[in-house]
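> Sequence:
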Amino acid sequence: MASSSKALMESLGSLGKDSYVSLLSKLIGESKLVQNNPPELIPQEDLIVNHVLDSLRPYSTETGGGPLVINHVAYHSGRGNLIVEYPGSVPGKILSFVGMHMDVVTANPDDWEFDPFSLSIDGDKLRGRGTTDCLGHVALVTELMKRLGQNKPALKSTVVAVFIASEENSSIPGVGVDMLVKDKLLDKLKSGPLFWIDTADKQPCVGTGGMIPWKLHVTGKLFHSGLAHKAINAMELAMEGLKEIQTRFYRDFPPHPQEKVYGFATPSTMKPTQWCYPAGGINQIPGECTVSGDVRLTPFYDVKEVMTKLQEYVEDINTNIEKLETRGPVSKYVLPDENLRGRLTLSFDEASAGVACNLDSPGFHVLCKATEEVVGYVKPYSITGTLPLIRDLKDEGFDVQTSGYGLMATYHAKNEYCLLTDMCQGFDVFVRIISQLDQD
Numbered sequence: 001m002a003s004s005s006k007a008l009m010e011s012l013g014s015l016g017k018d019s020y021v022s023l024l025s026k027l028i029g030e031s032k033l034v035q036n037n038p039p040e041l042i043p044q045e046d047l048i049v050n051h052v053l054d055s056l057r058p059y060s061t062e063t064g065g066g067p068l069v070i071n072h073v074a075y076h077s078g079r080g081n082l083i084v085e086y087p088g089s090v091p092g093k094i095l096s097f098v099g100m101h102m103d104v105v106t107a108n109p110d111d112w113e114f115d116p117f118s119l120s121i122d123g124d125k126l127r128g129r130g131t132t133d134c135l136g137h138v139a140l141v142t143e144l145m146k147r148l149g150q151n152k153p154a155l156k157s158t159v160v161a162v163f164i165a166s167e168e169n170s171s172i173p174g175v176g177v178d179m180l181v182k183d184k185l186l187d188k189l190k191s192g193p194l195f196w197i198d199t200a201d202k203q204p205c206v207g208t209g210g211m212i213p214w215k216l217h218v219t220g221k222l223f224h225s226g227l228a229h230k231a232i233n234a235m236e237l238a239m240e241g242l243k244e245i246q247t248r249f250y251r252d253f254p255p256h257p258q259e260k261v262y263g264f265a266t267p268s269t270m271k272p273t274q275w276c277y278p279a280g281g282i283n284q285i286p287g288e289c290t291v292s293g294d295v296r297l298t299p300f301y302d303v304k305e306v307m308t309k310l311q312e313y314v315e316d317i318n319t320n321i322e323k324l325e326t327r328g329p330v331s332k333y334v335l336p337d338e339n340l341r342g343r344l345t346l347s348f349d350e351a352s353a354g355v356a357c358n359l360d361s362p363g364f365h366v367l368c369k370a371t372e373e374v375v376g377y378v379k380p381y382s383i384t385g386t387l388p389l390i391r392d393l394k395d396e397g398f399d400v401q402t403s404g405y406g407l408m409a410t411y412h413a414k415n416e417y418c419l420l421t422d423m424c425q426g427f428d429v430f431v432r433i434i435s436q437l438d439q440d
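Residue numbers (full-length UniProt numbering): 1 to 440.
Derived by calculation from the structure, the hints in this document are not laboratory data. Misleading hints may appear alongside valid ones.
Label-pair restraints from in silico Cβ distances [unchecked claim]:
1) Glu-312 x His-365: 41 to 47 Å
2) Tyr-377 x Lys-271: 29 to 35 Å
3) Thr-266 x Asp-337: 16 to 22 Å
4) Lys-243 x Leu-340: 21 to 27 Å
5) Gly-281 x Gly-29: 50 to 56 Å
6) Ala-154 x Gly-29: 32 to 38 Å
7) Lys-414 x Asp-54: 29 to 35 Å
8) Lys-156 x Glu-312: 52 to 58 Å
Lysine-lysine pairs mimicking DSS-like chemistry, simulated, CA-CA at most 27 Å apart [unchecked claim]:
9) Lys-369 x Lys-182
10) Lys-304 x Lys-188
11) Lys-414 x Lys-32
12) Lys-152 x Lys-188
Built from N, CA and C at the ideal position, the CB exists for glycine as well.
Kindly produce the complete structure, drawing on both the sequences and the hints.
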């Protein structure tokens, strides 16, 4: 069995650096046209698909040049997904690499030290928008499938790669992996581990956070700042009200014991991130304002329960607003003579739940073993960043594990880059995953 595994790894070899960089250069050259920020910027992912097809078609059943089975699936014009399959010999034995998305976040060339929309090379650095997230992974998995198609190793396992559209922004629905799942095009992937390749730093990411975007609108009474006793200061009410809401949140949703098991960098948090109020003079006490922010929730708490609790906090504060702390001798939230009460109103935008990957999964164990063999150590981690697509997949019954070989420090950042040596290690990890799972 060991000799068979060794022969398979020798057959697949290591990443062809020149081929990889050449393909990545073509992909980054399209990155300006796959920025995802509707309605201004609607990506045309088929520009990426076409380069991937150029690499893989010569080794496909379509041309008769190889065993790769290719399915280009588009639900919107110019915005395709690509499913590529290398058939194995044992029915139902399967593993997949999914999540390599073909859209990117926006980039302003004026803010960068180099052109974000063309690949540049600085030593080991491969620079440009999408190198880390996620065109670098598109090129990497393309090279893996190309190697399988070229060398045709005898595998028991079917290996599937799914390149997806529309990951960075979901404001235009019905484009990407959600539709592939809905149309049952990925159902057979439930029979084996699914590796989502869209994280960073070469280690298994075993947990992500949920997100609850919220807005707290505060109503008081506008008045002249020299007559503060006749006003209900909406800004003071917002600050004290939010402080009370946060205090109750952290009481009811404290650090969870499982967060240590999964290596979460932070527990669940609730905090403001934006503040707005109507324009007015500095001598006007504002009568309204809005504070916005988010809850980042570890996957061991229920999103709907948290949203219900937050509304309960607000309702209780409104009912007992006289008991809320004030600021100074004339600060108040009730004007009895005018029958006026300050009020908090909480609303939510679309929320999403986090994911805790299955730490007992064979997929997790082979990913850890492969990572340790290639990188030299394995240290799974979790973050309260969101990956709602993988939560949807997990809920549909897929065994999702996640990893990635870009750099977290340059994720969605100016001057984005990845390291060629990291991508080479990523290829080696993939080869070992295939080899290990084929021996089971």
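> Give me the numbers of the hints this structure contradicts, sorted from smallest to largest.
Result: hints 3, 9 and 10 break, sorted rising.
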